[in-house]
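Chemist: Next come the chains, spelled out residue by residue.
Protein chains: 2
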Amino acid sequence: MRTEDLDTPAVLVDLDRVERNLCRAQDYADRHGLRLRPHIKTHKLVRFARWQMDLGAHGITCQKLGEAECMAAGGIADILVTYNILGAAKLRRLAELHARVRMAVVADSREVVEGYAATFTDPGHRLRVLVECDTGAGRCGVQTPREALELARTVAAAPGLAFAGLMTFQPRDATAATEAWLAEARDLLAAAGLPPATVSAGGTPDLFRAAEIASATEYRPGTYIYSDRMQVAWGHGTLEDCALTVLTTVVARPTAERAILDAGSKVLAADTAPVPGHGHIREYPEAVIRGLSEEHAIVDVSACPHEPRIGERVRVIPNHVCPVVNLTDRVHLLRGDRVEEIVPVDARGRVT
Amino acid sequence: MRTEDLDTPAVLVDLDRVERNLCRAQDYADRHGLRLRPHIKTHKLVRFARWQMDLGAHGITCQKLGEAECMAAGGIADILVTYNILGAAKLRRLAELHARVRMAVVADSREVVEGYAATFTDPGHRLRVLVECDTGAGRCGVQTPREALELARTVAAAPGLAFAGLMTFQPRDATAATEAWLAEARDLLAAAGLPPATVSAGGTPDLFRAAEIASATEYRPGTYIYSDRMQVAWGHGTLEDCALTVLTTVVARPTAERAILDAGSKVLAADTAPVPGHGHIREYPEAVIRGLSEEHAIVDVSACPHEPRIGERVRVIPNHVCPVVNLTDRVHLLRGDRVEEIVPVDARGRVT
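Going down the list, the sequences are from chains H and P. Mapped onto the numbering used here, the consecutive letters of the first sequence carry residue numbers 1 to 352. Mapped onto the numbering used here, the consecutive letters of the second sequence carry residue numbers 1 to 352.
Please keep in mind that the hints were generated in silico from the structure rather than gathered at the bench. Since the model is a prediction, treat every value here as computed from it, not as a measurement. Accuracy of the hints is not assured; some may be wrong.
Simulated coverage check for chain P against chain H, where a stretch passes if three residues somewhere in it have a Cβ under 8 angstroms from a Cβ of chain H [as the list claims (entries may be wrong)]: (1) 73 to 87; (2) 100 to 114; (3) 141 to 150; (4) 171 to 181; (5) 247 to 253; (6) 323 to 337.
Backbone N, C-alpha and C fix where the C-beta goes; we use that ideal spot for every residue, glycine too.
Using the sequences and the hints given, assemble the complete structure.
Modeler: Here's what the structure looks like:
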């Protein structure tokens with residue numbers, strides 16, 4: 001089967017580009033003595049998690065227990081869930097995972113640690129807990145290195161927990177500030193007899209500057225496997241690295257300036273990027289996707305040297321690839337123009 | 001089971017509110033002699049399509065053949081697909097649907113009509129085609145009443161097609177301009193011996209002003225069944241009409257001003273609204289969801305008279321409810337606080 005045989009819209013994944021992206025990241029990590037722990041939220045496929053492990057990844061990262069359950073069932077044996085796990089139902093599921101694979105989780109508050117401590121009580125099989133640090137991104141995390149130390153002490157005091165280190169999802173373009181924060185926390189911890197075994201940073205935009213965060217021992221990139229328009233706008237690689245595209249059909253040409261594609265926010269996702277428009281049309285780089293409704297892309301083709309015709313098929317690089325994967329039930333794996341396999345997105349829609 | 005027994009995030013649907021929303025719309029349509037043809041893209045549930053039909057809807061609207069196939073399999077027998085259907089694969093599927101249920105589709109170009117004409121050739125069982133009109137929304141549709149007439153003639157000239165009328169998805173707050181456009185087209189068509197049997201307008205924002213589009217014989221609201229924050233901002237009802245909420249847990253309180261919920265863009269969708277923030281927290285109306293990452297909502301609680309605590313559960317009214325439904329595999333149907341049933345979203349992810 002070839003791409004011309006596919007109905008549209010269809011989510012395509014170029015395996016050659018995936019391979020290049022995976023190898024480039026692993027090479028960088030190896031060269032700089034960093035352990036790679038890819039975040040599987042981007043691809044949500046067991047087979048790609050295995051590929052990442054085969055290339056040298058130290059383990060994987062998940063954001064949801066449902067993703068971790070899916071990956072553990074697929075044979076991945078070392079999983080960090082970078083999320084505060086709260087509530088009886090989730091703690092039960094975490095315990096089941098912890099019984100089967102090498103698990104670690106994060107915490108940024110006493111309340112979250114208390115939930116772990118009440119659930120995990122076996123000093124012979126401790127749950128590994130990293131303290132999440134807000135090094136400037138303004139999401140989760142303790143606010144200061146001193147708070148990190150306090151929370152690490154709370155973790156270390158629980159018989160069934162092991163303080164495993166520090167974790168941050170640092171802001172973009174702030175490697176120096178991130179390093180200053182983490183180094184201070186590491187030194188405080190070391191002085192208190194709690195040296196962090198792991199210092200984990202993450203994010204694709206700064207993947208190839210990860211070594212500037214000298215305290216980091218591991219790095220968790222996610223989007224790098226496919227890349228997208230947003231990553232390119234932020235300076236990570238080029239559009240030639242983007243491995244995931246959405247194959248669409250021009251379904252209308254209402255005016256000379258306007259073309260309509262059969263892919264809207266339910267396929268391309270509504271995420272905006274630091275550049276105008278809702279995606280990059282490979283065949284019409286001058287075109288601007290100026291709006292998405294749920295099932296239509298509204299494209300301004302006035303700057304294009306030639307105009308797309310009704311029925312023509314084009315490939316769109318999405319602004320943000322992660323929600324695109326989470327919207328689609330299946331992806332089409334390509335070598336060149338040949339569809340090698342159509343596979344379900346294993347961990348799609350695992351919301352809890 | 002009660003809502004407190006559910007893990008989060010969970011998509012909840014209040015059946016009492018749904019019933020009120022459905023009845024109010026059907027009453028309005030009945031009072032004004034309009035046929036109601038609800039768009040099922042919002043709920044994607046066979047049971048709710050049946051409920052709409054039982055209350056008096058004339059048929060349903062779908063945006064994708066996959067949705068229509070799902071609804072036809074569920075016993076819905078009158079379906080309008082408001083989408084240009086192009087390409088051999090889709091035309092084959094359309095023919096299968098046309099053999100089983102009363103189908104209609106739209107066209108806004110000669111190319112699309114040619115596809116229909118080549119596929120549907122039986123004068124004894126014509127495919128009904130409405131001409132889509134761009135009355136100002138700037139998406140699909142012929143641009144002028146005269147173009148509508150020309151395309152209607154093309155449809156009528158095909159032995160296997162029947163010209164069934166006009167269809168528009170009109171801009172908001174433009175009932176007078178929409179009526180002027182449609183009345184002119186209707187008169188041109190009537191004078192040419194092609195009076196449109198159906199003139200179909202749509203959109204929830206102007207649902208209760210639909211009668212101002214006097215030429216319209218039918219109306220296609222979608223979002224009205226659940227409503228959302230965007231509809232309320234546009235003047236359609238109040239937050240008390242919003243029937244779908246996302247149950248979430250406060251998973252972090254990194255600072256006095258900041259709370260983090262376990263629902264991000266993969267549950268709430270990234271759609272923005274004409275009011276600030278990414279959703280309305282029912283228990284904390286002064287809170288502003290100022291950002292979403294994929295699995296987190298970042299909430300500014302500085303204006304709240306009391307602060308949410310870690311582990312507390314809150315319900316969020318999303319900005320735009322349609323993509324939320326398309327992201328979730330199941331919805332929880334409630335009467336009051338009791339979970340009556342957990343049902344799969346029948347037509348979720350039907351992208352083609």
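Chemist: Indicate, hint by hint, whether the structure satisfies it.
Modeler: Going down the list of hints, with the structure as the test:
With 4 residues bearing a CB less than 8 angstroms from a CB of chain H, the region 73 to 87 of chain P meets the requirement of three and the coverage assertion stands. Residue count for the region 100 to 114 of chain P with a Cβ under 8 angstroms from a Cβ of chain H: 4. That meets the three needed, and the coverage hint holds. Against chain H, the region 141 to 150 of chain P contributes 3 residues with a C-beta closer than 8 angstroms to a partner C-beta. That satisfies the three-residue criterion, and the hint holds. With a cut-off of 8 angstroms between beta carbons, the region 171 to 181 of chain P has 0 residues touching chain H; three or more are needed, and the interface restraint is violated.
Counting residues of the region 247 to 253 of chain P whose C-beta lies closer than 8 angstroms to any C-beta of chain H gives 4; at least three are required, and the coverage claim holds. Against chain H, the region 323 to 337 of chain P contributes 5 residues with a C-beta closer than 8 angstroms to a partner C-beta. That satisfies the three-residue criterion, and the hint holds.
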